[in-house]
Each structure stands twice: as structure tokens, then as C-alpha cells.
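**Q** Sequence:
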Amino acid sequence: MSDLRHFVRLLRSYLKPHWKAVLLLLATSYIATVATGLLPLVMAPILDLALGAPPASGDQPVGWRGLSLGNLGAAVLQWLGVGHGVDRFTAIAALCGVFVAVGLLKGVLEFWNYMLALWIRVRAGAAMQLDLFRHLLGLSLGFFSRQRTGELVSRLDEDTRATSAGLETVACTLLSAPLLVLFYGYLLVRTSPTLVVAALGAAALHYGVTRGIRGPIRRFATDQFTVFADLVARLQETILSVRVVKSFAAERFEAVRLGAILRKVLRVNVKYGAYKHAEEPARTAVGYVVEAGIVLLAARELLGGRLAVPTFFLFLYVGRAVLTQISALASAYTQIQATLAASTRIAELFTVVPEVKDGPETITEFRDRIAVRDVSFDYGGEGVLEGVSFEVRKGEIVALVGPSGVGKSTLADLILRLYDPVSGAVTIDDRDLRTLRQEPYRRLFGVVPQEALLFNATIRENIAYGRENLTDADIMRAAQIANAHDFIGEFPDGYETVAGDRGVRLSGGQRQRVALARAIAGRPPILLLDEATSSLDSESERLVQQAIDRVIQGATSIVIAHRLSTILHADRIVVLNRGRVDAVGRHAELLSTSATYSRLYRYQFNEAELTKELT
Numbered sequence: 123m124s125d126l127r128h129f130v131r132l133l134r135s136y137l138k139p140h141w142k143a144v145l146l147l148l149a150t151s152y153i154a155t156v157a158t159g160l161l162p163l164v165m166a167p168i169l170d171l172a173l174g175a176p177p178a179s180g181d182q183p184v185g186w187r188g189l190s191l192g193n194l195g196a197a198v199l200q201w202l203g204v205g206h207g208v209d210r211f212t213a214i215a216a217l218c219g220v221f222v223a224v225g226l227l228k229g230v231l232e233f234w235n236y237m238l239a240l241w242i243r244v245r246a247g248a249a250m251q252l253d254l255f256r257h258l259l260g261l262s263l264g265f266f267s268r269q270r271t272g273e274l275v276s277r278l279d280e281d282t283r284a285t286s287a288g289l290e291t292v293a294c295t296l297l298s299a300p301l302l303v304l305f306y307g308y309l310l311v312r313t314s315p316t317l318v319v320a321a322l323g324a325a326a327l328h329y330g331v332t333r334g335i336r337g338p339i340r341r342f343a344t345d346q347f348t349v350f351a352d353l354v355a356r357l358q359e360t361i362l363s364v365r366v367v368k369s370f371a372a373e374r375f376e377a378v379r380l381g382a383i384l385r386k387v388l389r390v391n392v393k394y395g396a397y398k399h400a401e402e403p404a405r406t407a408v409g410y411v412v413e414a415g416i417v418l419l420a421a422r423e424l425l426g427g428r429l430a431v432p433t434f435f436l437f438l439y440v441g442r443a444v445l446t447q448i449s450a451l452a453s454a455y456t457q458i459q460a461t462l463a464a465s466t467r468i469a470e471l472f473t474v475v476p477e478v479k480d481g482p483e484t485i486t487e488f489r490d491r492i493a494v495r496d497v498s499f500d501y502g503g504e505g506v507l508e509g510v511s512f513e514v515r516k517g518e519i520v521a522l523v524g525p526s527g528v529g530k531s532t533l534a535d536l537i538l539r540l541y542d543p544v545s546g547a548v549t550i551d552d553r554d555l556r557t558l559r560q561e562p563y564r565r566l567f568g569v570v571p572q573e574a575l576l577f578n579a580t581i582r583e584n585i586a587y588g589r590e591n592l593t594d595a596d597i598m599r600a601a602q603i604a605n606a607h608d609f610i611g612e613f614p615d616g617y618e619t620v621a622g623d624r625g626v627r628l629s630g631g632q633r634q635r636v637a638l639a640r641a642i643a644g645r646p647p648i649l650l651l652d653e654a655t656s657s658l659d660s661e662s663e664r665l666v667q668q669a670i671d672r673v674i675q676g677a678t679s680i681v682i683a684h685r686l687s688t689i690l691h692a693d694r695i696v697v698l699n700r701g702r703v704d705a706v707g708r709h710a711e712l713l714s715t716s717a718t719y720s721r722l723y724r725y726q727f728n729e730a731e732l733t734k735e736l737t
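In the numbering used here, the protein residues as written are 123 to 737.
Derived by calculation from the structure, the hints in this document are not laboratory data. Do not take every clue at face value.
[Unchecked claim] Straight-line Cα separation of at most 20 Å, EDC-like style, residue types lysine to aspartate or glutamate; simulated pairs: (1) K142 - E232; (2) K386 - E359; (3) K479 - D500; (4) K516 - D671; (5) K479 - D535; (6) K386 - E280; (7) K516 - D551; (8) K479 - D253.
Given these sequences and hints, build the entire structure.
**A** So, in C-alpha cells, the structure goes:
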């Protein structure tokens, strides 16, 4: 019931914008149902004319309440005004034409219903994907650190499509088949209560089949979605890390790992397919058993003189029709189990709430200072920062330095409010970040991460990323300041050069300079540079550092520095050690007052001297 509630809630939410089309779909589905119900009404007089006799002109008219398969043909002929004097073959030919016309109308309506349901389903599925995508992007960074990207992609793709795929089943089978079953059942009951035993037996047997497989179907459908997510995650991770794979000659190792997942996919698929597709032969077998029972009971009634010959054949026709509807209804119920499994996985994601939530206030400019006040932070109980305090005043260049793992990048994440501190507060212009909306606050920053990840788009699009109103002049200006304009101009396509996945078509230094141009293109009031030169060679580092020196002049800048030579002229240097602030000051004073800073400086100075001697 919980799964069903999730499915109904999702279906209601995403069908609501298309309610007119849904009403039209329901209307045409019921018209198709009426057309299906008309077929026995047309077949009955054909059988009466072929095997019996038209009603006499003085016969008592048959009303709806007295209708049964025994007098259905006579009633239709009476309604049509066909009597003893009619040419039987001509009447049969005309009725056959009507039968074909009704059948064609039914076929056209069913195709129309499929296309209309497809139109609604595609739009509802796209809206669901978009909402889920927005919801995921609104979750905190901590959520993504705990999830595999491939699994999230699988839920966004496979699960949303599987959830919306239940629309045709619901509209075209679950809502229409019961009406036909009731109509056909009424005719059967009115004709011979004894023969209805076969129809009830069919319903009971189909219910038994459904009850036996619905649980495994849903369970194996859930397992299938899960293992497909594992497969997508494995493939994505391997392809994104192909440089590492090749560098370690790990192709065979990755193939073995993928083979293990594929064996799981095979097992789950076989189990799911065995239950899902065993349904069809099981229901076929049930159908044969029940049809044989109907024929046997009908033959008994016929030989006993309780059924006329036309009624016998019409009973077989209607009996098969009701079995078809019962089978379709049971199959639809089984198919919906996979839909329920997918909708539950989607609903689980929608119930995840962001750990970092928007505050009520909006900030549009930076006036005075950013302050980190007695901030402590941990990742799941593992302490990273404890009682950290410092300030960044407007126009200052403040550097964060310290040994690896002391929390420099974590501080940057807290300043960007990608996380909230466990205790203490980060403020901007004396306003706690927790009181602010995140999007306008983060637009105050231009960020250059340690690893410059570019999108598989043109360099122009990468520089303008997230800033819709930038002109070509703005983009070119940013590239010139970032020392990127010259190398971009050397490409045959210039700014239209595609950077490739994660920027793989550019060198490390080129990626970093494009990332720097991206950070400053929107002229943000605050720059945050996270070890922007740490992974570059000497020449690339020199070019990037020249660009950084130009960018930070006169701007408020927070620089996380790996190489101390890059921040010698900072207004203030915050030295971190073991999650705490060890010292704050300028380069010259820290050399004499901070053991941590002087040790880092001596180590890097000796390393630089050794490098010069070796070269």
C-alpha cells in the first residue's frame, strides 16, 4: 500500500498539468471500451440469422433488463427492424460490414489512445526527471559525497521512465477492462448461471497466478533497478578514470570487476524474466483450461436442450472475450509491480531533505567583511576543524596555509556554505550565512577549484557557465586577464573549441586558466582560489600565477596556497595546524612567530633550491 501511495502521488502530481489530455484519454478509452462491447451485439444477430431465424413481427420486444445471450440476437434485430421478410444473406453482409466498421473504430481508438498516452507519459516523465534533477541539485554536498554518481543517473533515467510507463496500463487496461468484464459477466449470468462457473474459475485461477508472482516480480524489479544502477556506476567510473586505468595497465582488472557485476545483472535478469515471462504461458494455460471448461459446460447445456445453437456459439465468443479481459487485467496488475518498484525508488529520493537549507534573507552585494567565528566541523564524527576564527575584509588578500589535511579546503566549503559548521558561525557583513538564500550568496564568489573541471562544451560556453548575460567582450576580457586568450587564439576554432569531458582536450595549465577566466567573467566581488597551481608544471604554474596576480589585485581574495611563494604579499596569512588556527599575520612576522609556517617555508625553500641544483 505504501508503494501504491507513492505511485498514485507521483502520478497525480505529474498528470495534473495535463488534466485536459488525461480526461480526453479517459473519454476515448471508454469509447473504445464501448466499441469493444458492441462487437458481441453485432455478432449475435449474425449468428441468429445464420443459424436461427429472425424474430416474428408480433414477438414481444426485449428490454435491457431481460437481455441475455439467448435473446441478444433477436433483440438487436428487433431494434434494427429486421424481420422474417428480410434477405438473410444481405442482412448478414450488412451486419458483417458493421462488425468490421466497429472493429476498425476500436483499432483506431486504441492507436489514438496509445499515442495520446505516450504524449502524456513523455511529458509527465520529463517533468518528473526535471523536478528530480532540481531536487538533487538542491541537496547538500554531503549527500553527493555519500552517493555514487552512476546510481543517481540511473534513477534519473531508468526509474523515472519506468514510473511514467505505468500510465497506459492504468488508463487503457485497469480502468476499462473491469467494465467489459462486468458487461460480459452480466450477459453470461443472464444466459446460464451454470456456465458462469467457468468464468469465475478463470478469475480465480488468474488471481492465483497473479498472487503467486506479484511479490517476486516487485522484488526482482527492485533488484534489477539496483543492479543496473551498479552497472552504470561501474561503467561511468571506469570511463572517467580511463587515464588511471591505462596508467596502471588495469584493463584486465576492470574487465574482471565488470564481469562480476554483469554476472549479477544476468542472475537478476533471469530471475525477473523467469517470473515476468512465465506469466504469459501460465495465463495461456489457464485460458485453455477455462475455455475447455466453457466448451464442455456449454455443450452439456446445448445437448440438454437448454441452449440454442446460436446461443452456444455466442456464449463461446463472449466467454473468450471475458477471459481476454480478465487475463489483460491480471497481466496489467502484474506489470504495475515493476512500476511500483521504480516509483518507490523515486519517492525515496524526493524525501531526502537538504542538510544545508536556505534562510529567509537575500544578499546582493559585499560591503565589509567575511568572518569565521569559532567554527568547528567534522565529517560524520571525524573532527576536521575546531574553534577556527579569522576575518577577510573587503579588498584584502587572505591566504590559508598549512600541512595537508588540516582543513583548508573544508574552510573554503564552509565559506561557500556548501556545509554548515557543527558549531560557531560564518558571517558576511555581520549576517550569519544560515539566514541567507544560497544561490544569490554564492553568486558573490568566483571560485577556482584545485582540480579545474570543465564541461564537454566550447571554451566560450565554459567561461560563460552559469552567467547568462555575459557578452563576447566580457568573455574575451576574462580570458585575457586569466592569461588564456593567446592559447585559445591558437586553436583552429578559437573560443568555439570543445574542451572535451572534464576538459581532457586541454593541458592542465590551459584548463586552470580557463577555470580562472570562468571565475572572473561575471566580475564577482570575492574570489576563492583553492590551490589553483598545486598540480601544474613550472611553466604552467608561472603562467597561471601571473594570471592570478592580475586577477586578485584590488579584489577581495581568499587564496588556499600549496606553494608559499604564491602568497608572500598577502595582506594576511592564516596558518592552520591540526584543525586549529596556529597563527595569523604577514609573511615576515610569521617566519619568526609561527613554527608551523617557518617549517613549511624552509621545507619548500630547500626543495626549490634542490630543484635549481638538479636543473
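**Q** Mind checking the alpha carbons of K516 and D551 for me, to see if they're no more than 20 Å apart?
**A** The given pair, whose Cα atoms are some 10 Å apart, holds under the 20 Å limit.
**Q** Within a Cα-Cα threshold of 20 Å, do K142 and E232 meet the stated pairing?
**A** holds (18 Å)
**Q** Taking only the CA atoms, is the gap from K516 to D671 under or equal to 20 Å?
**A** holds (17 Å)
**Q** Measure nothing beyond the straight line between the CA atoms of K479 and D500; if it is 20 Å or shorter, mark the hint as holding.
**A** holds (18 Å)
**Q** Taking 20 Å as the top limit, are the C-alpha atoms of K479 and D253 close enough?
**A** It holds: about 18 Å lies between the C-alpha atoms, which stays within 20 Å.
**Q** Are the Cα positions of K386 and E359 separated by 20 Å at most?
**A** holds (18 Å)
**Q** Regarding the pair K386 and E280, is the alpha-carbon distance no greater than 20 Å?
**A** Holds, because 18 Å separates the two Cα atoms, which is no more than 20 Å.
**Q** Just to be careful, I want the Cα atoms of K479 and D535 compared with a cutoff of 20 Å; is the pair within it?
**A** holds (15 Å)
In summary, this structure violates none of the numbered hints.
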